[in-house]
Amino acid sequence: RPHNLTINLYLTSSTATRAKMSAPAAVRVIGAFDSPFSHRAEVALRLKGVPYELILEELHNKSELLLTSNPVHKKVPVLLHGDRAVCESLIIVEYVDETFDGPRLLPSDPYDRAMARFWARFIDDKCSKPFWLAMWTDGEAQKGFMKEIKENFALLEAQLEGKRFFGGDTIGLVDIAACGFAHWLTVCEEVSGVTLVTAKEFPRLCRWAKEYASDEKVRACLPDRAQMLAHFTANKEMFMAMAKSMLPK
Amino acid sequence: SVPASPKQRKDRIMAGEKKGLVLLDFWVSPFAQRCRIALAEKGLACESLEQELLGDKSDLLLGSNPVHKKVPVLLHDGRAVCESLVILEYIEDAFPGAAPRLLPADPHARAQARFWADYVDKRVYSCGTRLWKLKGEGRAAARAEMLETLRTLDAELGDRAFFGGEAFGFVDVALIPLTSWFYSYEKHGGFSVEEECPGLAEWARRCGERESVAKVLTPPEEVHDFICLLKKHYGVE
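In the order they appear, the protein sequences are chains A and B.
For the first sequence, position 61 (counting from the first letter as 1) is numbered 61 according to the working numbering, and the numbering increases by one without interruption.
For the second sequence, position 214 (counting from the first letter as 1) is numbered 214 according to the working numbering, and the numbering increases by one without interruption.
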């Protein structure tokens, strides 16, 4: 069947990263253009200096490769390392941390690791849905989701006290998990007309967002903002319809 | 690897020498039971503090888990770890000498284990709740989803003894407490796990032979009684 594939090659000149792997197997990421989950997989590899090939999916027309690599969820991202497939973005980040040399993405201390995992899950389980719904619903329902996401953002704001990143001095699992709030959030706000995060209310989160999004390795795998803006604008009605369908009856 | 900082060394000593473990618990919670099974498998002594969940929650629980206000919470020398799968990983990391290891050493195998534990987390309990809370279309949808989930897990298990392969592991610990809830799900959904997924049913029996599991799991009839209590509490007929 007809299928569009865009393949980008990312080459690194660093030889230090080859030290740990005895027989470097090809690394590929099956991703999608403006998926924050897809970004998580890419940024983990870039932070480790691991070269990879990016395979961009058209999510309305999923490739055979995606469907066979992730038969359970049929979602991006999927990390392909040699003949091994790893699914679920946060699991991919942990896999990358355990497999490749380079800066740690999770702390080494067991308690700190537990805290990182806790907050990464919090972002996925408690923030993603109310954030999305606060953007694309209206009326009383929207007010409710606004309240919910702001309460949860306040918890994240508190986690940033005295820290440059959630991970401390360097980008870590929680920063990667929170990427949607660094780059996607303002695009959603612009398109939806909903202001969720102001510097007055969430000074640390705003500062963190700039720090994260301006990191050289992060920037290299963030979707182009203008393109995202155009894409989201074009899909606004669809997002609103989707959000409405997600409301409890 | 990078040499340990003074803080890391201190924390390592704390983890190794002061095994002060307390679990904020609830008798029928399958999530708390995951932790108790893991601790029992590893021979780690842990005090269980039963929590009041349907009435007023204790200051200890609210203080230890301010974000979710839920059990389980593992207190290790007073420091709280929340979320059952996070607790399981913490137990692995904090007690590296405590056998058996629940997660394999190979990163890909670890990723697979995490994937399936995550699948169990997303797909079983909330779907099961919809099965007994909803009626009509809602219940029918939950039933279909539950069957798909169980069949997928059954297929993943295949002809292996455990999800961990030959050894009882991370995914087995994540799923086994939820099997106590199957009886009530079956009654509400009108299906039989034995018929739909005989392999999974056999796996559950095999796990039930382990002392750690046998001592911890709530008998299915008691879970069913508890669900009937919850139904009254929520005003569901």
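I should point out that these hints are in silico values taken from the structure, not numbers from a laboratory.
Model, not experiment: these values are computed from the prediction.
Take these hints with a grain of salt, some might be off.
Said to hold, decoys possible - 35 Å max Cα-Cα, derived DSBU-like pairs, lysine-lysine:
(1) A/Lys126 to B/Lys133
(2) A/Lys210 to B/Lys133
(3) A/Lys163 to B/Lys70
Please name the hints from earlier in the document that this structure breaks, with their numbers sorted from lowest to highest. 2
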